[in-house]
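2 protein chains.
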Amino acid sequence: MPPYSVLERRFARLDAVSDAAGILGWDCQTLMPDGAADGRADQLAVLRGLAHELLTSAETADALAAAEQSAGDLDHWQRANLAEMRRLHAHAAAVPGDLVEASSRAASKAEMVWREARAEADFGKLLPHLSEVLRLQREIGAVKGAALGLGPYDALLDAYDPGMRRATIDPLFAQLRARLPGLVARARARQAREPAPLPLHGPFPVEGQRRVGLALMRALGFDFTRGRLDVSLHPFCGGATDDVRITTRYDEADFGRALMGVLHETGHALYEQGRPAAWRHQPVGKARGMSLHESQSLIVEMQACRTRAFFEFLAPLVREAFGREGAAWTAENLHRAHTRVEPGFIRVDADEATYPAHILLRYDLESAMIASDLAVADLPGAFDDGMRDLLGLTVPDDRLGCLQDIHWPGGAWGYFPTYTLGAMAAAQMFRSAQAAEPGILAGVAAGDFSRLRGWLRAHVHAKGSLVGTDALMAQATGAPLGTEAFLAHLEARYAGA
Amino acid sequence: MPPYSVLERRFARLDAVSDAAGILGWDCQTLMPDGAADGRADQLAVLRGLAHELLTSAETADALAAAEQSAGDLDHWQRANLAEMRRLHAHAAAVPGDLVEASSRAASKAEMVWREARAEADFGKLLPHLSEVLRLQREIGAVKGAALGLGPYDALLDAYDPGMRRATIDPLFAQLRARLPGLVARARARQAREPAPLPLHGPFPVEGQRRVGLALMRALGFDFTRGRLDVSLHPFCGGATDDVRITTRYDEADFGRALMGVLHETGHALYEQGRPAAWRHQPVGKARGMSLHESQSLIVEMQACRTRAFFEFLAPLVREAFGREGAAWTAENLHRAHTRVEPGFIRVDADEATYPAHILLRYDLESAMIASDLAVADLPGAFDDGMRDLLGLTVPDDRLGCLQDIHWPGGAWGYFPTYTLGAMAAAQMFRSAQAAEPGILAGVAAGDFSRLRGWLRAHVHAKGSLVGTDALMAQATGAPLGTEAFLAHLEARYAGA
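Protein chains in written order, with my numbering: chain A, 1 to 497; chain B, 498 to 994.
Treat the hints as calculated values from the structure; they're not laboratory data. Using N, Cα and C, we set each Cβ at its ideal position, and we do this for glycine too. One thing to keep in mind: the hints can contain errors.
Some chain A residues flagged as far from chain B (calculated, every beta-carbon gap over 12 Å) [stated by the list, open to error]:
1. Ile23
2. Asp62
3. Leu127
4. Gln191
5. Arg226
6. His281
7. Ser372
8. Arg453
Facing chain B, a subset of chain A residues (Cβ under 8 Å, in silico) [claimed, not checked]:
9. Arg13
10. Asp19
11. Pro33
12. Asp34
13. Ala36
14. Val46
15. Leu47
16. Leu50
17. Thr225
18. Arg228
19. Leu229
20. Val231
21. His234
22. Glu325
23. Ala328
24. Trp329
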């Protein structure tokens, strides 16, 4: 068998292990009984360890070298696939198997403790576990950085967003830091001058919320033969290839939270379901990175579905689902209620104008912790200081502060910046998509997302990892990733006259 | 590290892979979207392949040989664990990895086709897939048999029930074949003389059935921190260590089917949850085999819970759950309704007196197919002939005939006899348990299963695989596995004066 074919077969096996872990991870967040946590952590650690062994074995290294020698025989997609294999191998080969398993195990344990610590607002309970996770992340960053010629934080970031660097992020985030406080102040001033939205009185039964959520997923083009909608405390899009599972959580007092969450996760799911079918089990057929992934969730949730046009479609659906009528239930009022700007403690509840502040803070803090410039024990104080500086809020307890997110205990260091990079990419893409397809918003108002979906399929989903994020953005929007479209979008929606 | 410790670590990793596959298998039967079937089949095949590589690697073989050299240093449980490791290694090493993956993949595929073929009563649709599964099972039987010094059928059977042989089964099944037809005839004659049970009119809402099922599980001692109850087309007990998941299916016209199914699967689950905690991830901590496993489901469902005593406990629960009262809802009538003897087409719906006939038939047919004495294409005819001979029934279509069970397409050849061997073991154990603990039935009538559970914990569950089935039966009941207690039980319950 030619070495490239050996590699395709081997990476398909790896993908099966990774898909298996995806389903086990989904189960862990949705259905698993508490007493199974230790066993599940073991299962995931062992699967990751086995995948690591497969990826870093001498056979893989030899086949990579041999295939690269004869890369001239490969077509365009195969060459890109081989390059992705090399990238994955370089990341993995840098990290010893013991470290992979130890890190997976420490993160599973810390996640479990985090659930209790957050409920009890007890940072001290999490501290030893978080310190251990950080210690192992620092070690991974150091060994990967040495192999890839990157600083430790860039080495971690590169695993989530290939090619992204602190040197790219810093000036972009500096622009946001300079512009957003004024924008938020203007948005709030405009808001104060306008009539407040009429209140939407609950309760909103879970079954009705679920029905509307499913209707929105269908309208967006989610393929239910290859995916599901379920419930978890922390909504996510997970599962496996051809088995894309999104979750939401229901609050009977507020239907908007679950529905907007469904829209967001459906955006992620469309990317997963739209990856190039022939390559879906190969590295080149994977999503390009977490910044682009987030752009796909936000282009649905924030760009398309916080428009007045979307609420024309939604209003009759929710009126019917909850048996309501009257002035509060017009598209206009629903739109107003779902486009408020209001600094708050919780990142996942933040509006799109204040959300970047949460990310700027976390990016600074995790960079500093990876660089050993901030001790984990000092995290709560630093977090609270940052919230005061960036959003003018005084954090009352760590549940509303540094304990709110799963990322750090879960071992996802270098992930946070992708949220705001994704928001920027979404704004830039939506502008280009609308220019190319002027009927997009008229379609959204009628519940027809086919034009938007078609643009995304062609320019993002079906590309997989054929090109880098930079090239993809340039091909799709004519420019590299920047802040201009995002800031212009926020100005127009919230601070315009 | 001493070789025995190397082995413990390696088998714990293997167990994690096997537990992962257990959850993926559960998910496949309960929640998985249809379009994910091919991917899931790949995942399971790859996990089985990786487990097979771990188990049969040179390092494992070397460590086994070295540990056996110094087995004198090991304690009782460790020595038994080492012997189990050797047994598992011998089974696995006999089969090439390619054959393991090919068999897993063929079975996954055939299972999927079987679902359609059964729904359409179209055996021809399944035929090529079933032939391929059988071809691979024959190959596995041949290579294992050569390595273990067994015939091919015994080699397959040994994987489900270690130590069990055709030479043991044949005389036992001959006794059943000789005695059961007369017993069934006498039971039906007695039934005809007695008043028919009053009908139990539905509908019985699923939510009420589920509530009663959960109450029964709690009464039996199911640990919900380490397990779940869900729904699947074909009820089973699966999942993983510390995550034991049972399923049932609900019929709004007949609450008994779901409840009796829950009792049955809870019996399996108690065995899994009661395995020796310190050894639960090691071979010696596993259940002894599928015959004993079935004995644990049947001792709950058939021995304890088809008694008049049990219906004293159940009657008020179902009256309350379904809001019923009157003569049909007395313990006496419910008991009568749930202890009918009636030959029927479907094995899983059969009463305990006619159930063995379904097994005798399948045992004969699968033995003949493995021995190439029966072609798969001739299976429908042979199945229908057997139903006429054994139960006097004419099979109207293959949905009610040879397409009814998942075992053959699913690759579980050599499994069927364990159902009836388990029924025999259950009767023998229940007699001994009652002799040792005279209060068992009084407890059952009050919903207190602690005496029965205590006896099972001590004599079966907590033993894991410390001793063989023969020794376990002899220690628990004073005799090897036989038909006498089972036949006496059926006589007393159904055919007695």
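Hints, verified against the model:
Non-interface call for A:Ile23 relative to chain B: violated, since the shortest CB-CB distance, roughly 6 Å, does not exceed 12 Å. Non-interface status of A:Asp62 relative to chain B is upheld: no Cβ of that chain comes within 12 Å, the nearest being about 18 Å off. Every CB of chain B is more than 12 Å from the CB of A:Leu127 (nearest about 26 Å), matching its label as outside the interface. The claim that A:Gln191 is not at the interface with chain B holds, since no C-beta of that chain comes within 12 Å of its own (minimum 43 Å).
With a least beta-carbon separation of about 4 Å from chain B, A:Arg226 fails to lie farther than 12 Å from that chain, contradicting its non-interface assignment. The claim that A:His281 lies off the interface is violated: its Cβ sits roughly 8 Å from the closest Cβ of chain B, which falls inside the 12 Å cut-off. Every Cβ of chain B is farther than 12 Å from the Cβ of A:Ser372; the closest lies at roughly 33 Å, confirming the non-interface assignment. The beta carbon of A:Arg453 is kept farther than 12 Å from every beta carbon of chain B, the shortest such distance being approximately 18 Å.
Because the beta carbon of A:Arg13 sits about 5 Å from the nearest beta carbon in chain B, less than 8 Å, this interface hint is met. The beta carbon of A:Asp19 is positioned within 8 Å of a beta carbon in chain B (closest approach about 5 Å), and the interface hint is therefore held. The beta carbon of A:Pro33 is positioned within 8 Å of a beta carbon in chain B (closest approach about 6 Å), and the interface hint is therefore held. Because the closest C-beta pair between A:Asp34 and chain B is about 5 Å apart, less than 8 Å, the hint holds.
Restraint check, A:Ala36 versus chain B: the minimum CB separation of about 4 Å is within 8 Å; hint holds. A hinted interface residue such as A:Val46 counts as satisfied when its beta carbon comes closer than 8 Å to some beta carbon of chain B; here the least separation is about 4 Å, so the hint holds. The beta carbon of A:Leu47 is positioned within 8 Å of a beta carbon in chain B (closest approach about 6 Å), and the interface hint is therefore held. Hint on A:Leu50 holds. Least Cβ distance to chain B is approximately 5 Å, under the 8 Å limit.
A hinted interface residue such as A:Thr225 counts as satisfied when its beta carbon comes closer than 8 Å to some beta carbon of chain B; here the least separation is about 4 Å, so the hint holds. Satisfaction of the interface hint for A:Arg228 is found here, the shortest Cβ-Cβ separation to chain B being roughly 6 Å, below the 8 Å cut-off. Contact between A:Leu229 and chain B, as hinted, is not supported at the beta carbon level, the nearest pair being about 11 Å apart and thus beyond 8 Å. Given the 8 Å rule on beta carbons, the hint for A:Val231 is violated: about 13 Å separates it from the nearest Cβ of chain B.
Here the hint on A:His234 is broken, as its CB sits about 19 Å from the closest CB of chain B, past 8 Å. Below 8 Å, beta-carbon pairs count as interface contacts, and A:Glu325 has none with chain B, the closest being about 31 Å; its hint is therefore violated. With its C-beta approaching chain B no nearer than about 33 Å, A:Ala328 sits outside the 8 Å limit, and its interface hint is violated. Interface restraint check for A:Trp329: the shortest CB-CB distance to chain B comes to about 31 Å, outside 8 Å, so the restraint is violated.
When held up to the earlier numbered hints, the structure conflicts with 1, 5, 6, 19, 20, 21, 22, 23, 24 and fits the remainder.
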